[in-house]
Amino acid sequence: VFKRFVEIGRVAFISFGPHAGKLVAIVDVIDQNRALVDGPCSGVRRQAMPFKCMQLTDFVLKFPHSARQKCVRLAWQKENINEKWAATRWAKKIEAREKKAKMTDFDRYKVMKAKKMRNRIIKHEMKKLQKMSSKKGKKPEKPEKPEKTEKAQKSEKVQKAQKAQK
Amino acid sequence: MAGEKAAGEKKPGEKKPSKKKTGEKKPAEQKTSQKEGGEKKKRVKKHHASRNPVLARGIGRYSRSAMYARKALYKRKYTAPETKIEKKKKEKPRATITKPVGGDKNGGSRVVKIRKMPRYYPTEDVPRKLLSHGKKPFCQHKRRLRGSITPGTVLILLTGRHRGKRVVFLKQLDTGLLLVTGPLAINRVPLRRAHQKFVIATSTKVDVSGVKIPKHLTDAYFKKKRLRKPKHQEGEIFDTEKEKYEITEQRKTDQKAVDSQILARIKKVPQLRGYLRSTFCLSNGVYPHKLVF
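Chains V and E, in that order, give the protein sequences. Just so it is clear: in the first sequence, position 138 is 138 by full-length UniProt numbering, and no numbers are missing. Just so it is clear: in the second sequence, position 12 is 12 by full-length UniProt numbering, and no numbers are missing.
No lab work stands behind these hints, which were simulated from the structure alone. Where hints are given, some of them may not hold.
[Claimed, not checked] Pulled a few chain V residues facing chain E out of the computed Cβ check, cut under 10 Å:
hint	residue
1	LYS52
2	GLN55
3	PHE59
4	TRP85
5	ILE94
6	ARG97
7	ALA101
8	ASP105
9	ARG108
10	LYS113
[What the hints assert, rightly or not] List time: in silico DSS-like cross-link candidates among lysine-lysine, alpha-carbon distance up to 25 Å:
hint	chain 1	residue 1	chain 2	residue 2
11	V	LYS116	E	LYS113
12	V	LYS115	E	LYS113
13	E	LYS268	V	LYS113
14	E	LYS205	V	LYS99
15	E	LYS89	E	LYS113
16	E	LYS267	V	LYS116
17	V	LYS102	E	LYS290
18	V	LYS93	E	LYS290
19	E	LYS113	V	LYS102
20	E	LYS268	V	LYS115
21	V	LYS102	E	LYS89
22	E	LYS42	V	LYS113
23	E	LYS290	V	LYS92
24	V	LYS115	E	LYS290
25	V	LYS100	E	LYS205
26	V	LYS116	E	LYS268
27	V	LYS84	V	LYS113
28	V	LYS113	E	LYS267
29	V	LYS100	E	LYS290
Quick reminder that beta carbons are idealized off the backbone N, C-alpha and C, glycines included.
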């Protein structure tokens with residue numbers, strides 16, 4: 001039922017508070033509510049932190065309990081947590097949310113145009129397939145084709161969104 | 001002689017800072033004054049020390065009238081030289097004028113006063129207003145411009161017949177209003193004035209560094225014109241007001257002159273033309289206080 005546990009070395013994401021948005025490793029447990037936490041590669045000093053503001057990630061580091069910062073740092077860099085984190089969907093969603101909030105009026109216009117064009121292409125393909133199916137007479141449709149074209153347009157849209165974000 | 005000359009040369013340098021030295025060494029000074037009379041035309045004569053010895057601080061020995069006599073001010077009455085303005089002012093304006101009068105046996109003309117006495121005096125005089133400071137007329141007010149609005153910024157108009165349209169800002173006029181243009185070819189907004197308060201400044205900027213805006217585009221150019229001569233013909237008074245606004249040729253040429261420069265720059269930025277053509281609107285889930293413009 002539970003997959004992520006509070007353990008020594010568990011990397012956690014801080015959701016609120018002064019260090020919101022940063023990653024930390026749990027070094028030791030103080031009591032039921034607090035943990036000794038350290039984030040040498042993410043700019044968080046070694047400190048006590050309540051569990052409530054931590055959200056557990058999938059990453060676990062290997063170091064003994066109450067290890068000093070140097071050991072935590074070594075373990076962190078060995079596992080390359082920063083890169084692994086940036087590759088997770090979680091981090092990408094956060095980044096996308098930030099970019100969306102920063103969009104200017106012009107960017108919103110560009111995104112709207114890109115979306116419109118993409119939807120048009122998709123609709124076009126769908127209509128084509130529907131026509132084919134109605135002509136051929138109730139043959140099972142291949143959903144592969146629109147996916148391929150969709151992927152092509154998705155990449156276009158991502159490029160446009162990136163353009164907008166610049 | 002050499003010694004005196006040297007002393008004399010020193011003195012003109014010294015005299016200017018210290019004018020109150022007592023009148024000693026008269027011959028030497030006469031010489032220097034003659035010398036310098038040759039060098040400079042008008043030289044201020046050496047000033048006498050105070051003829052009113054001090055008894056205590058702020059209190060002199062002699063009264064005003066005694067001082068008048070001591071300083072021989074009866075001999076020294078000066079008037080300022082007459083300026084050109086005063087010369088011109090000497091012509092007194094005409095007080096009366098003769099006007100012809102019709103009708104026979106009337107004498108033909110009358111002498112009429114130009115400035116007549118008032119025909120009404122109020123029963124109570126208007127009391128003098130108290131002094132106030134810092135109340136300036138509109139023309140002297142300080143004009144401010146938001147930091148986010150710079151030449152070339154794209155603005156969103158919020159009021160007026162062009163509400164929701166995105167428009168390029170050119171410059172701020174003397175009254176503080178913003179001179180703005182569509183450009184006309186893009187969104188049908190001509191060279192127009194907009195109020196700073198009723199405008200959203202976006203962060204999109206068009207580079208208008210080299211654009212030259214004609215100098216005759218001022219507030220007077222844009223001010224609405226109103227006819228003022230109904231001629232009191234009953235029945236048709238209300239028709240003579242300008243109902244239809246006609247675009248003058250000058251406006252068209254000015255519009256072209258400015259727009260041609262700006263359109264070239266807009267074309268360089270991709271998708272900017274389409275952006276300026278579109279209008280701004282809110283929809284579900286869009287909150288202005290959360291938007292970044």
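Taking the hints in turn, this is what the structure says about them:
no.: 1; hint: LYS52; result: violated, 27 Å
no.: 2; hint: GLN55; result: violated, 24 Å
no.: 3; hint: PHE59; result: violated, 33 Å
no.: 4; hint: TRP85; result: violated, 26 Å
no.: 5; hint: ILE94; result: violated, 18 Å
no.: 6; hint: ARG97; result: violated, 13 Å
no.: 7; hint: ALA101; result: holds, 7 Å
no.: 8; hint: ASP105; result: holds, 5 Å
no.: 9; hint: ARG108; result: holds, 8 Å
no.: 10; hint: LYS113; result: holds, 7 Å
no.: 11; hint: V:LYS116 with E:LYS113; result: violated, 82 Å
no.: 12; hint: V:LYS115 with E:LYS113; result: violated, 83 Å
no.: 13; hint: E:LYS268 with V:LYS113; result: holds, 18 Å
no.: 14; hint: E:LYS205 with V:LYS99; result: holds, 20 Å
no.: 15; hint: E:LYS89 with E:LYS113; result: holds, 21 Å
no.: 16; hint: E:LYS267 with V:LYS116; result: holds, 22 Å
no.: 17; hint: V:LYS102 with E:LYS290; result: holds, 10 Å
no.: 18; hint: V:LYS93 with E:LYS290; result: holds, 19 Å
no.: 19; hint: E:LYS113 with V:LYS102; result: violated, 76 Å
no.: 20; hint: E:LYS268 with V:LYS115; result: holds, 23 Å
no.: 21; hint: V:LYS102 with E:LYS89; result: violated, 69 Å
no.: 22; hint: E:LYS42 with V:LYS113; result: violated, 83 Å
no.: 23; hint: E:LYS290 with V:LYS92; result: holds, 22 Å
no.: 24; hint: V:LYS115 with E:LYS290; result: holds, 22 Å
no.: 25; hint: V:LYS100 with E:LYS205; result: holds, 20 Å
no.: 26; hint: V:LYS116 with E:LYS268; result: holds, 23 Å
no.: 27; hint: V:LYS84 with V:LYS113; result: violated, 33 Å
no.: 28; hint: V:LYS113 with E:LYS267; result: holds, 17 Å
no.: 29; hint: V:LYS100 with E:LYS290; result: holds, 11 Å
Hint check: violations occur at hints 1, 2, 3, 4, 5, 6, 11, 12, 19, 21, 22 and 27; the rest are consistent with the structure.
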